[in-house]
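Participant: Sequence:
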Amino acid sequence: MAVIDTREQAPLNLAPLRTVRGTLETGDYSILGLEHIVAVERKSLSDLVACVGRERERFERELQRLLAYPVRAMVVEAFWADLEGGAWRGEVRPAAVTGSVLSWIAAGIPVLLAGDRRRAALAVRGILWHAARHRLRELLAFANTLRTEEDDATQLGCPDRSACP
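For the sequence shown, our numbering assigns the number 3 to the initial residue and increments by one for each residue that follows.
These aren't lab readings, by the way, just hints derived from the structure by calculation. Nothing here was measured: the structure is a model prediction, and the numbers come from that model. Every residue, glycine too, gets a C-beta built ideally from N, C-alpha and C. No incorrect hints appear here.
Cβ-Cβ distance ranges computed for the label pairs, FRET-style:
#	residue 1	residue 2	range
1	Met3	Gly101	36 to 42 Å
2	Leu141	Arg63	29 to 35 Å
3	Pro96	Leu124	21 to 27 Å
Work out the full structure, taking the sequences as your base and the hints as a guide.
Facilitator: Put into structure tokens, the structure is as follows:
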């Protein structure tokens, strides 16, 4: 189940994933039970421009928190050409936006320029699904190692694994 942050003002449609609203420490989207592992930040073009301009200091702190997550990404509802074109009001130059995106990528934040809202929803849904699937495979592999140890203990004639040498 996907978690959508309560502060996310325009939540993406992640169907067929089921969703629940919750407060996330970092990011706009995560997976229930994996909120400390998975964080996805969504930005519209206007949000991104604001994060490069007047909200930069706050956003840089958020990116520092995002770096602590093993699975992290920023999904932007714009194409690279939109960033270069500078079709927004304000004093933020296109070079500042593209430079910031490249800097964030170099710092370890995967930035996916999805193009539009529909594609951003597909990207976020895919990231969450693959992250959950990867985690499930890790847990199943770990469970198999436990099962093997229990089988070994039984073969040694130890009914209780803790009693085995």
